[in-house]
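J.: Read off the chains here:
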Amino acid sequence: MLRYIVRRLIGIPFLLLGVASVAFLLSQTTKGDPLAALVPERMMSNTEVVNAVKAEWGLDRSLPVRYFIYIGNLLQGDLGTSFATRRPVATDIAERLPATLELVISAMIIGTVMGFSLGLLSARFRNTVTDGSARMFALVGSSLPIFWSGLILLYLLSVRFPIVPGTGRLPPRTTPPPEVTGFYTIDSLLAGNIPLFLEVLSHLALPAFVLGWAVTGIITRLVRSSLIEGLSQDYARTARAKGAPERVVLIHHVLRNALIPVLTVLGFTFAYLITGAVLTESIFSWPGIGSYTVRAAASLDYPAIGGVTIVGSVAFLMANLITDIAYAWANPRIKVH
Amino acid sequence: MSVIGTDIAPSANRRRIENSIRTFQRLPLTARIGAVILLFWTITMLTVQLWPLADPLAMVGRRLQPPSLEHWLGTDALGRDVFARTMEGSVWSIPIAFIVVAAAVAIGSALGAISGYFGGLLDSVIMRAVDVTLSFPPILLAMSVAATLGPGLGNATIAMVVVWWPIYARLMRAQVLEVREREHVEAAIAGGAGRMRVLVVHIMPLCWTPTLVNATMDFGQVVLLAASLSFIGLGATPPSPEWGSMIAEGASKFYSWWIAFGPGMAILSVVLATSFLGDGLRDLFDRRSA
Chain A
1 MLRYIVRRLI GIPFLLLGVA SVAFLLSQTT KGDPLAALVP ERMMSNTEVV
51 NAVKAEWGLD RSLPVRYFIY IGNLLQGDLG TSFATRRPVA TDIAERLPAT
101 LELVISAMII GTVMGFSLGL LSARFRNTVT DGSARMFALV GSSLPIFWSG
151 LILLYLLSVR FPIVPGTGRL PPRTTPPPEV TGFYTIDSLL AGNIPLFLEV
201 LSHLALPAFV LGWAVTGIIT RLVRSSLIEG LSQDYARTAR AKGAPERVVL
251 IHHVLRNALI PVLTVLGFTF AYLITGAVLT ESIFSWPGIG SYTVRAAASL
301 DYPAIGGVTI VGSVAFLMAN LITDIAYAWA NPRIKVH
Chain B
1 MSVIGTDIAP SANRRRIENS IRTFQRLPLT ARIGAVILLF WTITMLTVQL
51 WPLADPLAMV GRRLQPPSLE HWLGTDALGR DVFARTMEGS VWSIPIAFIV
101 VAAAVAIGSA LGAISGYFGG LLDSVIMRAV DVTLSFPPIL LAMSVAATLG
151 PGLGNATIAM VVVWWPIYAR LMRAQVLEVR EREHVEAAIA GGAGRMRVLV
201 VHIMPLCWTP TLVNATMDFG QVVLLAASLS FIGLGATPPS PEWGSMIAEG
251 ASKFYSWWIA FGPGMAILSV VLATSFLGDG LRDLFDRRSA
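Chains A and B are the protein sequences, given in the same order.
Every letter in the first sequence is one number past the one before it in our numbering, and letter 91, counting from 1, is 91.
Every letter in the second sequence is one number past the one before it in our numbering, and letter 268, counting from 1, is 268.
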């Protein structure tokens, strides 16, 4: 167990180095000129800026030296300067992180709750209409292009049948709650401002649902198959033989064991959540990292794209590591290779 | 000789067709529906030019008209027929997904087979490359590569291959590692077959099942990612009626929901069809990975 975690931990820096190397190679091949990845086109004639950037990233040096300077800059948290905002990419990302985290965590909660409920339903009533509809609902969520479901639901629920407000985290010209965590939900509660909290919640509801729906599919599928497998085990048969109703067998006996394989999927859904967040945010004008990335991609803001990619990969690796550790901890039978 | 040849050819072909029909009949209903939907899009892709549709690139009506008998899915901001554009979109989205999956399967399987069969340093190098590629969230890697190469459908295609090959390398490597130990391989080696011959003739033909099942499922996912890249502005560029960029046009004309509706449903149908068919094929051929 401990050896397994240590092995995984030792692997992480190498993977990060690999990620950084790929990012370096991409930055070197941009338009055939590494300078293009660091200086916006309209600033190219400004020798002062060009020289400062050349010195910082060692562009007058050889390729191997540049590589080490690049890695060194990354280690100091220097991801370059965004062409669009003209600020360090790391600062931009840090500023937008809470909005994205609030959305992603809410979506994860919604997706997990829906996935478990639907998975339980379809395992309990397997091969019935209930099972079919639950699985279909889950499958459609993960098969829809998220920027399309967001768009259509936003139109339906804010224009046709105005239940939810429009885009963004708050209505225009509303003062956000005093910043403590950066999560508007928590901050507004901390400030004791209940009307503001409800306002925040109503803005969060639809994007979080759209994103949560997208990960419901995987969770439902896994919960269902894992429960059905459990229901055919000897201990479930014993429980039934002792007179336990099917509902009790499912909830009290099988569900607990079925939770273990579901743990693995949580790391896996993280990839879907990142993809989904990028696209959901741009539909809902959510001021997070996702909309920042889309804007960066559309305007070929190379430092911003590169920076987000590196930060996203670090988060992705961490999520997978935590999942693996949780899985090994929850299921000591796992073989360590 | 020629008499025998013509005698055997039709019966072999007939047997192949009969086998396919039997396989199709053994598939569950959902998988058959999936196969029919995919067949529909393939036929549409091949014949859409001959359909009596409006010109997808020309202004054929008033701007932003809601769906009507004349324009089934309405018209967009430039007065183009959305239904015609959605059907025409298959000419873009389906071949791209096919190219991406085929290239990822070819590159990934070749590297995975080499990795699994030869082992050693080569194996380590290839598998570390797989690990690093899989360390990126897929959409971010695709965006980085596509942005570096420059916007455009060709570059987006390359970017998606970069994202997708490692999965097939892992699948093929695992299969080769298993098949390598079988007796007929030992027999082939004892019979003096060279290493490449053993790998290509005696091992790889037995390794394709998981790859093909996975490729079926991935087809829909590639359609999704391609549409996402186009939506962001890194894939197809206007005025081409690619589904993702059509939805982007719809997003900018928010109150005319019908502009995005058709392409969204088209994507949904392809993705659902591939998961239905993929699930069915997996149950039939590859129970272990279920």
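Some clues are possibly wrong.
Partner residues aside, some chain A positions facing chain B, computed with beta carbon under 7 Å [what the hints assert, rightly or not]:
{"no.": "1", "residue": "12"}
{"no.": "2", "residue": "15"}
{"no.": "3", "residue": "143"}
{"no.": "4", "residue": "275"}
In case anyone wonders, no lab produced these hints; they're calculated from the structure.
All residues carry an ideal CB built from backbone N, CA and C; glycine is no exception.
J.: Going back to the hint list, which numbers does this structure go against?
T.: 1
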